[in-house]
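Peer 1: All residue numbers for the sequence shown refer to our numbering, where the first residue is 1 and numbers rise by one.
Since the hints were made in silico from the structure, they are not lab data. All values reported here derive from a predicted model rather than from experimental measurement. Some clues are possibly wrong.
[Said to hold, decoys possible] Below, a list of computed lysine to aspartate or glutamate pairs in the EDC-like style, where the Cα atoms sit at most 20 Å apart:
#	residue 1	residue 2
1	Lys41	Glu54
2	Lys6	Glu31
3	Lys6	Glu54
4	Lys41	Asp21
5	Lys6	Asp43
6	Lys6	Asp35
[Said to hold, decoys possible] Label pairs and their in silico Cβ distance ranges:
#	residue 1	residue 2	range
7	Arg57	Ile16	28 to 34 Å
8	Lys6	Gly61	28 to 34 Å
9	Ile16	Phe60	19 to 25 Å
10	Leu19	Arg57	27 to 33 Å
11	Leu13	Gly61	27 to 33 Å
12	Gly61	Asp21	31 to 37 Å
13	Asn10	Val53	28 to 34 Å
14	Gly61	Ile16	16 to 22 Å
15	Gly61	Leu19	31 to 37 Å
16	Asp21	Lys41	26 to 32 Å
C-beta: ideal position from N, C-alpha, C; glycine also.
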Amino acid sequence: MTPLPKGPTNNILVNIQGLMDPIGYTLRMRERYGDPMSLPKMDGKPVLATGSVEGLRSVFGGAAGGP
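My request is simple: use the sequences and hints to build the entire structure.
Peer 2: Put into structure tokens, the structure is as follows:
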């Protein structure tokens, strides 16, 4: 199994900061951890986040020259 991308691990802090400033927090986390990144949900399980086509391709394994 391929390891998940890096990301913050404190699920309570992530959710509080994400609620207070979702766009700013996401941009700061993308700058810190890269794209794509893992974000923990309240139950501690990760969710993958990306903001680019390249990030989607790296998550789903699509070809770089594909649609």
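Peer 1: Regarding Asp21 and Lys41, is the given constraint of 26 to 32 Å on their beta-carbon distance met?
Peer 2: Check failed, 18 Å falls outside 26 to 32 Å.
Peer 1: Range hint 16 to 22 Å: satisfied by the CB atoms of Gly61 and Ile16?
Peer 2: violated, 33 Å
Peer 1: Gly61 and Leu19, beta-carbon distance inside 31 to 37 Å?
Peer 2: holds, 32 Å
Peer 1: If you check the beta carbons of Lys6 and Gly61, does the distance land in 28 to 34 Å?
Peer 2: violated, 19 Å
Peer 1: Taking only the CA atoms, is the gap from Lys6 to Glu31 under or equal to 20 Å?
Peer 2: Roughly 12 Å between the alpha carbons, so the hint for Lys6 and Glu31 holds.
Peer 1: So does Ile16 sit 19 to 25 Å from Phe60, Cβ to Cβ?
Peer 2: violated, 30 Å
Peer 1: For a C-alpha distance cap of 20 Å, please report whether Lys6 and Glu54 respect it.
Peer 2: holds, 16 Å
Peer 1: Taking 31 to 37 Å as the stated bounds, is the beta-carbon spacing between Gly61 and Asp21 within them?
Peer 2: holds, 32 Å
Peer 1: Verify the CB-CB distance for Leu13 and Gly61 against the hinted window 27 to 33 Å.
Peer 2: holds, 31 Å
Peer 1: Using the beta carbons of Arg57 and Ile16, state whether their distance is inside 28 to 34 Å or not.
Peer 2: Holds: the Cβ-Cβ distance is about 32 Å, inside 28 to 34 Å.
Peer 1: Starting from the range 28 to 34 Å, see whether the pair Asn10 and Val53 falls in it by beta-carbon distance.
Peer 2: holds, 29 Å
Peer 1: Given the hint that Lys6 pairs with Asp43, does the C-alpha gap stay at or below 20 Å?
Peer 2: holds, 18 Å
Checked against the numbered hints listed earlier, the structure breaks hints 1, 8, 9, 14 and 16; every other hint is satisfied.
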